[in-house]
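Colleague: Just so you know, the protein sequences line up as chains A and B, in that order. Numbering (my numbering) for the first sequence: 5 to 298. Numbering (my numbering) for the second sequence: 556 to 1018.
Fair warning: there could be bad hints in the mix.
[Said to hold, decoys possible] So, partial list: chain A residues that the calculated Cβ filter (under 8 angstroms) puts toward chain B:
hint	residue
1	ARG6
2	GLN109
3	LEU288
4	LEU293
[Stated by the list, open to error] Derived DSBU-like pairs (lysine-lysine); straight-line CA-CA distance at most 30 angstroms:
hint	chain 1	residue 1	chain 2	residue 2
5	A	LYS39	A	LYS52
6	A	LYS52	B	LYS885
7	B	LYS885	B	LYS803
8	B	LYS622	B	LYS747
9	A	LYS52	A	LYS219
10	A	LYS160	B	LYS930
11	A	LYS52	B	LYS803
12	B	LYS747	B	LYS803
13	A	LYS266	A	LYS22
Hints are computed from structural coordinates only; laboratory data are not their basis. Source: prediction; values computed, not measured. Beta carbons: idealized from backbone N, C-alpha and C, even for Gly.
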Amino acid sequence: MRVSTSMRFSLAQGTIQKRTQELVKAQEQIATGAKINSLGQDPVAGRKILREETSLREIESRRRIALESELNLQQTDAVLADVSDALQRVLEVSIRLGNDTFNAQDRGIAASEVTQIRERIAELANTERNGRFLFSGLGNTSFPFDADGVFSGDSKQLMVPIGPDALVAGTIVGGEPFIDSATGESVFTVLRDLESALRGDDGAGIRETVDEVRKQIDQVAGSRQEIGHTFERLENILNALSRAEITANATLQQERDTDFSKTVLDLQESELGMRSALTITARLNELNLTNFLG
Amino acid sequence: MGNLLNVLHIGQTGTEAAQFGVRNTGQNIANVNTPGYHRRVVVQEQANISPTSAQKLGDGVRVVGAKRVIDLALDRRARDAQSESLASQTRAEILSRANVIFGDVVGEGLSPIFDDLLASFDELAASPQDHVARREVLAATELFASETRRYGTELSEVRTSVDAQLSVEIDHLNSIVEEIAEANRLIMEEIKPAVDLLDRRDRLLDELAEKVATRVVPRDDGSVDVHIEESGYTLVAGTFSAGLELEKFPEGMRVVGYGFGGARRDLTNVIHGGKIGGLLIARDEDLGVLENNFDDFTFEVVSELNRIHSSGYGKDGSTGRNLFKELVQKSGSARLVAIDEAMVDNPEGVAAAQEQVLAEGGNGNALLLAAFRHKRGVNDTAPADALQGILQDFGDRVYQSEVNAVSRADAAVQLVELQQSFSGVSLDEELTNLIRYQQAYAAAAQVMVTADQLMQELLTIKR
């Protein structure tokens, strides 16, 4: 084929241009640490990166919620532990003072102690965390228990999103640890009954409340057990989230991060190509009839 | 004596022919880098060969002229390939401009901002009583709306800039078309048109093909007719030309032609090739699809979230409130999306609860908002996936356009090289010719000197 002068130059230009592009690409990959910087460079890898990043953000959101629920439940459990201790003390008092060897004065002093315990439990039952009453149920309007221990909350609970179509309890059912689910009788009624029996020096009345107090202790224990189950479920969820995070991160790294050893090799290859192209162009310039004419 | 004078004449024609050859070589060398230049060769023949007189050897050499070395088919193929290559290149350039805005996978693109909006609903569902979570929802809504608006606006600005470019290219096309008609006139006037004039018209045809793909039909009178490929629309007929115009229509700027009859023809969808073809594809197919998809997505998200939000109750007991300002139609959604005015700085109004009695702490509606994350919509995809699908589709177009531009450019380079291998100037070849003509000149001059010396001899004899 006949070769015209413009062909020689355009070929040299084309080769140098192509090699320069390769060099710039390798340079960019090394400088940014990312294989691709825009979707246009590799739409399939770009989509994977977007998808994995979205997964990671969703995992992060789920984790925050799970951890927040854990904190909520931990505090609830701590409060219920206090309530349980207080009720144990009441149980002791009711068993001991049910014995008719105690006189009215002894029972009067004990009544004051029970009153104090009742007030303490009422305080605990109105515990608030992050603007939410732990035992008010879902509505959360005001203190769930008034001075007389009357419950004004609802028997619902906050369910929080933890996955597609998956909810987990963020709080326990409103009022549950303090109200007997079978009789609807609240711990405050039981304690008031005990107080008036003590004040009235009513031995039979005191002995009657023992079982009632036991039921309330069981009620609290039941709630704590439920919290334990939920906590376990949250731990499982957190573990699953960690595993999902590792997978997503691995995919992300594979698609996004520069493979330095490979890129450096590519860079060397492009550099060699560039050198050859430049050498050939320079030689071509020498091989020209004008250089040989006298 | 007569014969000697004839020898002198032969020498003279020899030097003249050599001179013409040097001039032609000079012209070729001078135009080695001129686009559209076809190398020329000297056409020369023996002068006055008269078969009747056997004694006559001839009257030297006669220069017929310089002829272009041209293969019309090769020229046409190179021109068409260039036209297609420019179309692909222009399309790729426009798309890479939009890719800067939409293709970001490193920085804060639209995808993470949308994820943050979805996460804010999760937080709301987890702590519906919390003022901070409510503020977070409003902030995320505001950011999503403003970023979507920014993307939508920038996208439509890219499209507007394409229209501005179209206008420039069409003006240029119109002046080229007029020049071709004028070149036709000059060529028709001359019985034997100068090669320069033909080269110039070919160059104009090349330039025209850089705007749109054309079909050139040569006529017997030396003129050419030029049509827009595959449309039958005539740009040049003989000495007449009919350019194109960019006109504003409700659906946007359209490329129209009035032809020779004066009837308007919308050519927007038939034009392909060249810069104008590339601009139209980028504008109507690539950016148009992206804009539509983006509008659809925005409209879906806004309508669905509004529907859920308005059915719930705010902490202040309010209900029936939209989260976003209501959008009337899909078209233009991305450019118009905004947070509902009543919701600005109104965290109490965020409808987390499903029942009025639970307005204070309920999260039933927040759970519905949070479930939007996994709601399967069009094509059975979740919203974040749908957004990424739109972005990927665009990424595909950017990628394809670049691959296309490279392969079209390679094809064009090959065809141009083929054309150049035939019609291009080779300096080495021309320098060889230069030596050849130099030697021919010297030899012909020597013939004249010899003839002169012989004549001197003859004159000496007489004395």
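Colleague: Regarding the pair A:LYS160 and B:LYS930, is the alpha-carbon distance no greater than 30 angstroms?
Modeller: At roughly 26 angstroms apart (the allowed maximum being 30 angstroms), B:LYS930 and A:LYS160 satisfy the hint.
Colleague: Checking one constraint from the list: CA of A:LYS52 to CA of B:LYS803, max 30 angstroms. Satisfied?
Modeller: Violated, at roughly 41 angstroms.
Colleague: Would the hint on A:GLN109 stand, with a C-beta cut-off of 8 angstroms toward chain B?
Modeller: Status violated, d = 46 angstroms.
Colleague: Does the structure keep A:LYS52 and B:LYS885 at a Cα separation of 30 angstroms or less?
Modeller: Holds, because 28 angstroms separates the two Cα atoms, which is no more than 30 angstroms.
Colleague: When you check the alpha-carbon spacing of B:LYS622 and B:LYS747, does it fall within 30 angstroms?
Modeller: Measuring from Cα to Cα gives roughly 12 angstroms; hence the hint holds.
Colleague: Regarding the hint that A:ARG6 lies at the interface with chain B, is the smallest CB-CB distance below 8 angstroms?
Modeller: 5 angstroms, holds
Colleague: With a cut-off of 30 angstroms on the C-alpha distance, tell me whether B:LYS747 and B:LYS803 pass.
Modeller: 46 angstroms, violated
Colleague: With a cut-off of 8 angstroms, does the beta carbon of A:LEU293 approach a beta carbon of chain B closely enough for the hint to hold?
Modeller: 4 angstroms, holds
Colleague: Against the 30 angstroms threshold, does the CA-CA distance of A:LYS266 and A:LYS22 hold or violate the hint?
Modeller: Between A:LYS266 and A:LYS22 the Cα gap is close to 19 angstroms, so the pair holds against 30 angstroms.
Colleague: Within a Cα-Cα threshold of 30 angstroms, do A:LYS52 and A:LYS219 meet the stated pairing?
Modeller: Not OK: A:LYS52 and A:LYS219 at ~57 angstroms, beyond 30 angstroms, violated.
Colleague: B:LYS885 and B:LYS803: Cα distance at most 30 angstroms?
Modeller: 22 angstroms, holds
Colleague: Take the shortest C-beta to C-beta distance between A:LEU288 and chain B; is it under 8 angstroms?
Modeller: 11 angstroms, violated
Violated hints, listed in ascending order, are 2, 3, 9, 11, 12; each of the other numbered hints is respected by the structure.
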